[in-house]
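Taken in order, these protein sequences are the chains called A and B.
1 is the number of the first residue of the first sequence in our numbering; add one for each residue after it.
1 is the number of the first residue of the second sequence in our numbering; add one for each residue after it.
To be clear, the hints were calculated from the coordinates, so they are not data collected in a lab.
Some clues are possibly wrong.
Said to hold, decoys possible - Here are the simulated lysine-lysine pairs, DSS-like style, with alpha carbons at most 30 angstroms apart:
(1) B:Lys269 with B:Lys45
(2) B:Lys269 with A:Lys336
(3) B:Lys154 with B:Lys232
(4) B:Lys175 with A:Lys336
(5) A:Lys336 with B:Lys232
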Amino acid sequence: MNDADNPSPLQNPFIDVPQNAARRLVDRITKAAALGGVLLTISILAIIFIVLIHGSWMALRQIGWHFFTTQAWNPVPGRDKYGVLSFLYGTGVTTFLALLFGVPLSIGTAVFITRIAPRWLAGPVSFLVELLAAIPSIAYGLWGCFVMSPWLQNYLEPVIYDALRHIAIIPVGKYPSGRIEYFPANLVRGGPSGSDFLAGGLILTIMILPIITAITRDVLQQFPAEIEQGAYGLGATWWQTTRLALAYCRAGIFGAIMLGMARAIGETMAVIMVIGNTDHISASLFAGGQTMSGVLANEFMEADHPIYLSAMFYVALVLMLSSLVTNVIARGLLAKIQTERKAA
Amino acid sequence: MTPPVSAENVSRANGAQHGSHSAHAPRMIPVAPDQHVKRHAIDIKNLEVFYGKGRAVHGVNLQIAHGEVTAFIGPSGCGKSTILRCLNRMNDLIKHCQVRGSIKIHGADIYDRRTDVMELRKRTGMVFQKPNPFPKSIFDNVAYPLRIHGVRGKAVIAEKVEKSLRSAGLWEEVKDRLHVSALSLSGGQQQRLCIARAIAADPEVLLMDEPCSALDPIATKTVESLINELSKTITIVVVTHNMHQAVRVAHQTAFFYMGNLIEAGPTDKMFHNPEHQQTLAYVTGQFG
Chain A
1 MNDADNPSPL
11 QNPFIDVPQN
21 AARRLVDRIT
31 KAAALGGVLL
41 TISILAIIFI
51 VLIHGSWMAL
61 RQIGWHFFTT
71 QAWNPVPGRD
81 KYGVLSFLYG
91 TGVTTFLALL
101 FGVPLSIGTA
111 VFITRIAPRW
121 LAGPVSFLVE
131 LLAAIPSIAY
141 GLWGCFVMSP
151 WLQNYLEPVI
161 YDALRHIAII
171 PVGKYPSGRI
181 EYFPANLVRG
191 GPSGSDFLAG
201 GLILTIMILP
211 IITAITRDVL
221 QQFPAEIEQG
231 AYGLGATWWQ
241 TTRLALAYCR
251 AGIFGAIMLG
261 MARAIGETMA
271 VIMVIGNTDH
281 ISASLFAGGQ
291 TMSGVLANEF
301 MEADHPIYLS
311 AMFYVALVLM
321 LSSLVTNVIA
331 RGLLAKIQTE
341 RKAA
Chain B
1 MTPPVSAENV
11 SRANGAQHGS
21 HSAHAPRMIP
31 VAPDQHVKRH
41 AIDIKNLEVF
51 YGKGRAVHGV
61 NLQIAHGEVT
71 AFIGPSGCGK
81 STILRCLNRM
91 NDLIKHCQVR
101 GSIKIHGADI
111 YDRRTDVMEL
121 RKRTGMVFQK
131 PNPFPKSIFD
141 NVAYPLRIHG
151 VRGKAVIAEK
161 VEKSLRSAGL
171 WEEVKDRLHV
181 SALSLSGGQQ
191 QRLCIARAIA
201 ADPEVLLMDE
211 PCSALDPIAT
221 KTVESLINEL
231 SKTITIVVVT
241 HNMHQAVRVA
251 HQTAFFYMGN
261 LIEAGPTDKM
271 FHNPEHQQTL
281 AYVTGQFG
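In isolation and in its complexed conformation, chain B is listed as follows (with noise of 0.2 angstroms):
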């Protein structure tokens, strides 16, 4: 989706490619007049982040491009997972957290005292890393995120829930039986059926937090293929303990030490010839 942008920074004719965004959107975040179209989904500058006196993220300067996968690398520890919920400010749930410097999505700074963090995380899902299906029906799951948003209609939300099972792979399986508990659904079933949580209210951004590291390989591959194919529409960032599934789903790397990023970069030159002895040792195996 593309960002609401002032009339002044756009021709009349630039003016048509931006026609998808509807008048009528949702504004998710009041956009300074000054800000031009960003190429980058998600900028973020100086991100420093607090728990309590301990600093687990210094000055993070990172820009990450709109429909890409990104994956964020590193050892236990190193903020990865921090940054990561900086990005839909689930760190706000966290007494105690404390974050400055400045992120922005499609230009909106998610950060603004004004921002209202419902409309972030509905346009920004989030899966975990240990598959989190409410205690409801497959099909419910899948609703929820429309129903809290206040969409209703039956036929608007069975549409929405096929549409997000088609495009989490798992509607085949579950068609049958969409309205038996989500808790009998296998790991690597109920995982895909978070995406397709996820999913449902047409997020432009999906953060993805070790999302395979509770699957076996098996259902590893089937979710790792579904990154690949939601990147065509979605800006995806992915944390990942596994360098071998940076290297398979990610255009671009990050690697994360002790709360500095080290070095971003394509994931091929992250990999084969980095800038930096650190992420080389990393990636190579030598610490982690």
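Isolated chain A, as found in the complex (with noise of 0.2 angstroms):
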């Protein structure tokens, strides 16, 4: 008995018990394994970076902040010109046409899921948007060129052209011709042409769809049957109680549209499909332009001088820092309503 009361580390029974060995092992070998994975990960991220800083270190240097000021983008040798700025203005109007279509679009798809359709109906409503993140992008690119650019320039165009052609409100600048520029009127200047603007925004506006649809189906989805009944129980209507689910839900939603607009950034091959590529800064949703990720796709194969493909480098980094910085947005504001709720 007093060697069961005080026994030896010898026969301690639960130091080094051989037959847990292995299993030990494997614990420590898993876990090491995901830190690699982690590690990697991470460091795919640095080395991009670290790449395109070193790629466009020569356009840093030599044109450095003149790159967000020149529209002029020309890459004949000696004749070297490179700005990003027309670009910078095709991205931001073709993702802010996407934006402007797409958020109460699929918001209201959203509300139609959760609150109105019936449980047989939202299924499928909800697969069939699903459905349309799963089309690649060349396919969108495809649909575009041959079908809804030539509709636009034919029926949608035309109609708009018409509307706001003679309709000058608000000078807003001059031509350089010396006329005087007018809003809306120089919305429509130059008539239908089917590749434009508008059309890289319409494209965009439904590949954009299915994420901020499905992000605020489910952050709607998370709105809290008693905050509901409350609000029914104090004899609010239907719209009433919505808008106060949308208002529960805006830290959500908005991290929802925030995702929408790094795709619609980032979104490259269907729009070049339809955009007209051009390095044009225009008010007209009836101009040509290009995006960043546009310059890049057209013009990776030409880039046969260091100055030339050192600026490409520059407009991926921009790309890349303007996907970047909304995206850690939209992570930001998803966790905070995820801690928000937790406070609740």
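Assembling the complex is the task here: the two chains are given apart, and the hints tell you how they should meet.
In structure tokens, the structure reads:
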């Protein structure tokens, strides 16, 4: 009995159990593998970033901030002039148009799915919207180029053109010719073309619908039944209760919009097939343009001298930073609602 | 508030008594001309409630006196909450829920086809089991029912909000931070905020569905004294699992079991000298 009360280390049954050694080794290996995977992922991000800075170093030093104030893009050796402004503008305008059309559509669809549709309909509608995300962007581009653009040129844009071309309300500037530029007539200057900012915006609208709809639907489903009952119990109507739900979910919906925006900023193929591909800044929705990702896709084969190539890397760097910033903001907002929900 | 009364039932002399009911006040529900002035605030007749094919409430008849506190007691699943939720038609929100029989509030049939449910719910405030403040400021929570029912004017709203918060005994605690989030309040404060919100639009009836079950004993005590205070002006129906609470707050008590109303009467009698053996067994803690 004395031995049992004071076991020597050698007799302690919990020390150095040989039959558990293998299991413990598995633990160690799996943890190490997981850590390795994480480090690899993070280092890929870091490496891409470093490569972009390294590649654009020449342009960063020679062009610097002028990159953001110049709209000319002239890659002819000897006459090199590189500015990202028109591509930044193209990305900005198409993204803005996509959000302008896409956000109300997506939120409306999500409200329909979560708060109007009976269950037998909500499932299929949800599925079909998500299916839009499964279509490859080159397929959107092909459809946009051969179906949507001609349709815009022949049917929709002439109607908009006739409606707006003579409406001159606010003077906003002067054209090089000396004529005064008026809003909203300037939005349709040049007449229907079908390959323009409007087409780029519309194709992006369709492409950002699924992500904004799906996330908005998910956050709306989190709207607590107690709060909904509370609102109905006070005599609120369906729409008043829905507004309360949208307000409750606003951070999540904003996060969804930001993710849609990141998609719109980065999207390439479908847009270059409908936007006209000119380095051009114009208020007209019917003018052709170019986006940052578009110029990279169009010209990466042609960048044959160092400063040209370096300017391309610079565009890629600016593009990556814009996407990164929107993504970080989106994640931050999604995290914020999660902590808010825990607090509540 | 007095019900709308047709002239033939009321003499001129009586008419003065009903003067508080302004001619412009919206009428909740069309009132049949043969409706007499009821002493009862709520009159439930042959109420049956079905969820799908299952029957949750079997032919309940119950009158609830004006300006009194009535407690609904009974074991879980006895139908007491279901009946409470018929009184402001919250059951309309549940699919496959079917209500038969009649419920009159101040003589008006709330299950009339033409009933405006929004108006009904405005006039019958409801407090829920779990405090459910909206993710808005304290002020905006109490102002919410006023705003959704079209009250405009900052001064009017501010005045009503203060009055409601005072009635709910919360004013002194929150008057300096009306514009901070309601979610920053403690559970007991949140529930009193929900009471303030429920009475902001001056309802005639207040329905409370186990209002203290998520609260600690001290917060419970505060809410109970609030119920006593509010009952001076509002008819209150409170569903409770806590029999001692019924004794403390209710003038009358109704005991439900398996969807039937077993017995209703003055609280004192219900707990000391009930008519039915089942009531006695429940109130003495033999089951439930």
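Now for the hints, and whether the structure bears them out:
no., hint, result
1, B:Lys269 with B:Lys45, "23 angstroms, holds"
2, B:Lys269 with A:Lys336, "54 angstroms, violated"
3, B:Lys154 with B:Lys232, "28 angstroms, holds"
4, B:Lys175 with A:Lys336, "28 angstroms, holds"
5, A:Lys336 with B:Lys232, "44 angstroms, violated"
The structure is inconsistent with the numbered hints 2 and 5, although it conforms to all the rest.
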